[in-house]
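Visitor: Those sequence lines, one after another, are chains A and B. Okay, so the first sequence: first residue is 1 according to the UniProt record's numbering, each after it adds one. Okay, so the second sequence: first residue is 1 according to the UniProt record's numbering, each after it adds one.
It should be emphasised that the hints constitute simulated quantities derived from the structure, not laboratory data. Take these hints with a grain of salt, some might be off.
What the hints assert, rightly or not - Stretch by stretch, here's where chain A covers chain B in the computed footprint (C-beta under 8 Å, at least three residues):
hint	region
1	2-15
2	33-41
3	72-83
Quick caveat: nothing in here was measured; it's all calculated off a predicted structure. Just so it is clear, CB atoms sit at the ideal spot from N, CA and C, and this is done for glycine as well.
The chain contents come next:
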Amino acid sequence: MSPALIAALPFIGALLPGLLIRSGRDVAAISCATATAAALLGLCLHIPAILAGEVVTARFEWLPQLGLNANFRIDGLGLLFGILILGIGLLIIAYARFYLSRRDPVGVFYTYLMLFQGAMMGIVLSDNILLLLVFWELTSLSSFLLIGYWKHLPEGRQGARMALTVTGLGGLAMIAGMLILGNIAGSYDISDILNAREAIQASPLYLPALLLILLGAFTKSAQFPFHFWLPHAMAAPTPVSAYLHSATMVKAGLFLLARLWPVLSGTPEWFYIVATTGLVTMIIGAWIALFRDDLKSLLAFSTVSHLGLITMLLGFGTESAAVAAVFHIINHATFKAALFMTAGIIDHEAGTRSIARLGGLRRLMPVTFLIGTIAALSMAGIPPLNGFLSKEMMLEGATRTDWAGNGSLVFVMVTLGAIFSVAYSLRLIWHVFLGPERHDYPHKPHDPGLGLIAGPAILAVLVVLVGLFPNTMVGWLVDASAAAVTQGTQHPHLALWHGITLALLLSVIAIVGGALVLARYAGLEALRARFWRPDAKVMFDALTDWSLRLSHRLTDRFTNGSMARAFAAFSLTVLLCGGWAFSTGGYGGASRPMLPISVVPLVGWVLLMVATVCMVAFHRQRVLALVLVGIIGLIVSGCFVYLSAPDLALTQISVEVVTIILLLLALNFLPKRTLRESRDGKRGFDAFIAALTGLGFGGLAYAVMRSDFALPSIANYMIENSHKLGGGDNVVNVILVDFRGYDTFGEITVLGIAALTIFALTETLLLGASGRRLRNWTHDSRRAGARHPLLLVVITRLILPMSLVVGLYIFLRGHNAPGGGFIAGLVVAIALVSQYMASGFAWAQERNHVPYHALIGAGVIAAGATGIGAWFAGEPFLTSVYGYVKLPGIEKFELASAMGFDLGVFLCVVGAVMLALNSLSRIARQAGETVNAEPMDINPSRSKGGR
Amino acid sequence: MELLLSSAIGMLTAAGIYLILRRRSFAVVLGTTMLSYAINLFLFSTGRLVVDRPPILQEGATAYTDPLPQALVLTAIVISFGMTAVTVMMALGAFLEGGDDRVDMPRADREPDLARSREDFRA
């Protein structure tokens, strides 16, 4: 199975619960499990190839210009993580089915879970760091949804937000780091980066890149001082904690460290930053875990500690330590997932997971006791369980490590951490399962059904089997993944007994020390309570509070609810930025000669200036202002004609008509006059800002027009190839439908969305308070005597076929002469609107059977289909072809595929304009506008008899 | 000619900004319309001013004006219609729903409520 398909299967699976949840939670769970199992099967089919040392890849170009390729690879490391993610994912899917209550929306849960699973698979199978970043952010988002799954719990929401803030910020840093890394290596493909070790480590940007990437990895893997989000994420349902916080998400950071280990490790910077962070995290996590009362919180801090251990091993930079790290990733995932599920069972069955309220569950829940004990002993590193094996290898590595010339510091500290680790593991067994039975459990505890117990039981069996037969069980997987991490061949000997070594001695010290610590637990706890302890949540809240207050202080000054103030601040900011940019930008001065001023433009200019001044002066009389706007628009289109832009002139003038009609229709329901409100001083200030901005923008326009192009214009390419490639003589139209067709496609989509927004707004307006207001509407201005005058009706009817033909003509000739879909669409819309104006919108609407929504949709589809058509010819999206057609009776004419695209533009424009106007007419109907039975008020053809 | 066009652009901008700073929605809509004119003209003028050389290929024509800004502005004109339509509908909606056509938030709602937004953030 292709690696890309393996990564895609969970995403496909994410769609299923939504479709199937009505058939019940069993079906939803089975559908997810099927997708997961299929992906796991596909992954396992690659095992022989990977064990033979191959790397399975699948490559797709996505955005090759950016170096972003959808490349996937499966090597030993990807295989290891893939098996963990999918294997434990299967167990979690089954477990969650029985864990979640009847009231929880299970379909949503499975969708989130599968999304998360897909994102994780994407991370571990990506062969491109940009692609990896996409999946990385996706894990942050989907884990946010999962942690906050119980939306009604404030802790859940806060924990989710904290996790997103911390891991999201780390992710941002990592993006920067990855970009630097890819820049040094000259490629964003991991395969290439792995070969660029020397170049990367010699680069002066190595340290910044390392720090940024580590920031991402450490926040994700909850390394000190970013460890605080993980315990708060425990507000999630237990299946989520078991999945995200034992096996997968928190291991994503470790995965990244392992993935980039061949290129980043081996330097003193790597050793001191990574190994030290890991060591400190390991000790602090274990120390805090020892004193947690909440079972899940204890496990969370223990996870922090174990993640620190693995980070430290990767930080050592030696091959044997990397092998130990990989091995411990497997072991930790098995025993920790089992423990989380056990904690969930206890919570589920006993009604609490507070250790203070538990104890003596040994006889009440014997199977749970057995599973929990095996897993906890493995966590403590007791032989012959799998935790012992990797811990021994870790101690072995620690004894061989110098820290700043000090040969014993690391292993002494590590042993201290191991002592705490043994202590909290034993405490978990002791204080939860052993001890006297109690009578005050919230529920009567008993072993759960097979559904809940199966998952942890399987994992516990694995814990024992891996411990007893490590080489048979996971030797091959450790070999393959360690080989992928170290980029060499590794055949470590995994065994329980290595003879009497220093590591064994340290293990014994840790076990005995841990037991002693537990024996003196009460005293230690009292001692700890005397010291001040920083509370990360308080600090985090203070920090968010502070930033909230700061942003309030900043934004309240500019946006206090007064739009004028916000706009004024905006205008002044733009002016300042523009002035600053201009003064530092090195303007070359006027280098182009001025065009001579002739009489006609001068007259137009005077008209425009006078109209603008009048428009501002009389803007409170709204209808008059609209007339003046029409004049200004007319002159602007005249300006386009004069300055060699016939297409623009046509567009401007037709848009002008539609806009004025729209504003007039709206004005019907708005006050006809604007009251004078602002004080003189305020108006003077506004005028000052306006004048400054006008001067600035006009000056900028003048400076641009008088200077030559700084770079050679790409216009020549368009002009030369317009006919050759696009088959059209109207270069503007060819640019719109061909060279920059994608932009146009976006633009008609936006136009369609705008029209649909207007439609949706109208729907809301017809309901509620405004709907009632409209029903009781009294018109504030005198109405015309004849609402549908005879003359207008007759003339518009006469004009209609002609204007439709004009529209068709403009459309057809658009490729070679001024015109095209935009203008034709507007012309046809105007022709239709004039009908609507003459006989009333509703009357005309009843005679029109084409829904405007459908017109917009058909337009977008037609444009898109034309673009897709190019694929069948093996060309990129929206490549056009053209040819000449000879039909009998008419001249030979040209037919270009771009015409289909232009047709889409045409339909979309007609639909959007008409839908906007239609919405206004519906408002008018609500306000009591009646529908006339006749097209005109006085219909001579119907008048009987006559004189 | 450049002087005429740039002064017109400046004038339209000034008128647009002045109207946008008014308190009533219709004036703001008119202001955005004026600003659209100014901006479209400016974008168009970045192709520099050329008389009598439309970008339509013809036998015998030797030079053409820059077609690219024209293509940009053509869609910009249509999009600014869409924008005007949406804003005017919003203005209409606000007037029908709220009973007046002021653009400012009512004074009573303006006080920045830090405590509440903090609550919202924590909850």
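Visitor: Next, verify each hint and record whether it holds.
Guide: Hint by hint, here is what the structure shows:
With 14 residues having a Cβ less than 8 Å from any Cβ of chain A, the region 2-15 of chain B passes the three-residue criterion, so the hint holds. Beta-carbon proximity to chain A at under 8 Å applies to 6 residues in the region 33-41 of chain B; the threshold of 3 is reached and the given coverage holds. Proximity of the region 72-83 of chain B to chain A, defined as three or more residues with a beta carbon under 8 Å from a beta carbon of that chain, is established by the 10 residues found.
Checked against the numbered hints above, the structure violates none of them.
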